[in-house]
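**Student:** Produce the complete structure using the sequences and hints provided.
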Amino acid sequence: MLTLTASSTAFSSAINADSSSPARSSPIPSVVPSFVPSPGRLRLSLQVSTIREDGHLIRVIELRANSRQRLPDWSPGAHVQLLLPNGLSRCYSLCNAPDEDDVYRIAVKRELNSRGGSDWLHTHLHVGDRLTLMAPVNFFPLQESVHTPVLFAAGIGITPIYSMAAALAARGQASELHYFARSAGHATLLGPLSQTPMASHCHYYFGLDTGDIEVRLLATLQSLSVVTPLYVCGPAPFIALLRTQANQLGWRDEDIHFELFGASPVKPETPQEKIVDGSFELILQRSGVYCRVAPGQSIVAAAATAGVHIGTSCGEGFCGSCQSRVIAGEVDHRDSVLTAAQRASHQLLMPCVSRCAGERLVLDL
39 MLTLTASSTA FSSAINADSS SPARSSPIPS VVPSFVPSPG RLRLSLQVST IREDGHLIRV
99 IELRANSRQR LPDWSPGAHV QLLLPNGLSR CYSLCNAPDE DDVYRIAVKR ELNSRGGSDW
159 LHTHLHVGDR LTLMAPVNFF PLQESVHTPV LFAAGIGITP IYSMAAALAA RGQASELHYF
219 ARSAGHATLL GPLSQTPMAS HCHYYFGLDT GDIEVRLLAT LQSLSVVTPL YVCGPAPFIA
279 LLRTQANQLG WRDEDIHFEL FGASPVKPET PQEKIVDGSF ELILQRSGVY CRVAPGQSIV
339 AAAATAGVHI GTSCGEGFCG SCQSRVIAGE VDHRDSVLTA AQRASHQLLM PCVSRCAGER
399 LVLDL
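According to the numbering used here, the sequence shown is numbered sequentially starting from 39.
Rather than coming from a laboratory, the hints here were simulated on the basis of the structure. Bear in mind the structure is a predicted one, so any value in this text is a computation, not a measurement. Even glycine gets a Cβ: it sits at the ideal position worked out from N, Cα and C. Misleading hints may appear alongside valid ones.
[Stated by the list, open to error] FRET-style restraints, in silico, Cβ to Cβ: (1) His185 <-> Ser317: 45 to 53 angstroms; (2) Asp111 <-> Gln233: 52 to 60 angstroms; (3) His185 <-> Thr161: 43 to 51 angstroms; (4) Leu256 <-> Ala344: 28 to 36 angstroms; (5) Gln107 <-> Leu287: 17 to 25 angstroms; (6) Gln85 <-> Gln286: 44 to 52 angstroms; (7) His162 <-> Ala342: 24 to 32 angstroms; (8) Arg79 <-> His162: 40 to 48 angstroms.
**Tutor:** Structure, rendered in structure tokens:
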């Protein structure tokens, strides 16, 4: 049965702090930013086939190849990295159905304090234009499990969760989806959700204040087994709340899968934990570049000074777009993407925030 929960109180401002990353006055320039992608990343040029408004300040954009050719494979939870003509790079989750192989669909929320990504896509992009993007990558995949997962989303965080819901439904798994938003008008993808086989398992919570959100989340988690895999996407405060409640009820961290649309506030740094940044040697092996990273300087900034531009999107360690392979050196991880096992291996890092824990770091860039 379709569940719709509404309240006259305003949806929590903290939960609403979400982002989708995330007549034409002049033609779109053909120049796209030059950067060093991860090895094996494929760059695509696709045409905008459809743009439609779907929710307050949200537009759904469909991208296709010429003659509707098959596009590189993707999986639920994947995102594409757009290389915008204004020089910016932004990541957006795919919100596709599992049988779609000739289109990439994204939903972009226009941020009032946009740094230029969502604003450009809302004001300059038109049907027929072409966009350059990197082929899909997935840092938020559905994991194999004998237990049926339960999905949670807040605001624009529904985008990767929709793809997961559609894929699970296609497999015949009756997974629950719990979607929180300021109002029905601020939600998106409600039409496609209502048309999936799992429509009867979707639960909507619109217009709740912070206290009501806490109560509803806790009640939902209490109704589940602690071995149930949880998948959640949305603004950082919403994810922090769910993770805290789930941990208190007995969930293991490895069974709580999440993707942030904003920097994580879960573990604020205390004075005792604060680490003073030191300088270290940085070698970008594929580029043949050596430089030194100064205290307080990011790897991305140091590389740019040396003439190597590493593509980034969030710049805060939560989107994964700049993920790079470590050839040598110990990493001081400061991102919100890698798992504990990945961090311990010191084989990957996010150069926008992470640093070297020693004197020398060699990257495959």
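**Student:** A range of 45 to 53 angstroms was offered for this pair. Does it hold for the Cβ distance of His185 and Ser317?
**Tutor:** Because 47 angstroms falls inside the window, the suggested range holds.
**Student:** Could one say that the CB atoms of Leu256 and Ala344 fall in the range 28 to 36 angstroms?
**Tutor:** violated, 50 angstroms
**Student:** That 52 to 60 angstroms hint for Asp111 and Gln233 (C-beta), does it hold up?
**Tutor:** violated, 24 angstroms
**Student:** Okay, Gln107 versus Leu287 on CB: inside 17 to 25 angstroms?
**Tutor:** Distance hint for Gln107, Leu287 is violated at roughly 47 angstroms.
**Student:** For the pair Arg79 and His162, does the Cβ-Cβ distance stay inside 40 to 48 angstroms?
**Tutor:** 25 angstroms Cβ-Cβ, so the 40 to 48 angstroms window is violated.
**Student:** Taking 24 to 32 angstroms as the stated bounds, is the beta-carbon spacing between His162 and Ala342 within them?
**Tutor:** At 26 angstroms between Cβs, range holds.
**Student:** Per the hint of 44 to 52 angstroms, is the separation of the Cβ atoms of Gln85 and Gln286 within bounds?
**Tutor:** holds, 49 angstroms
**Student:** Does the hinted range 43 to 51 angstroms hold for His185 and Thr161 at CB?
**Tutor:** holds, 44 angstroms
In the structure shown, a violation is registered for the earlier hints numbered 2, 4, 5 and 8, in ascending order.
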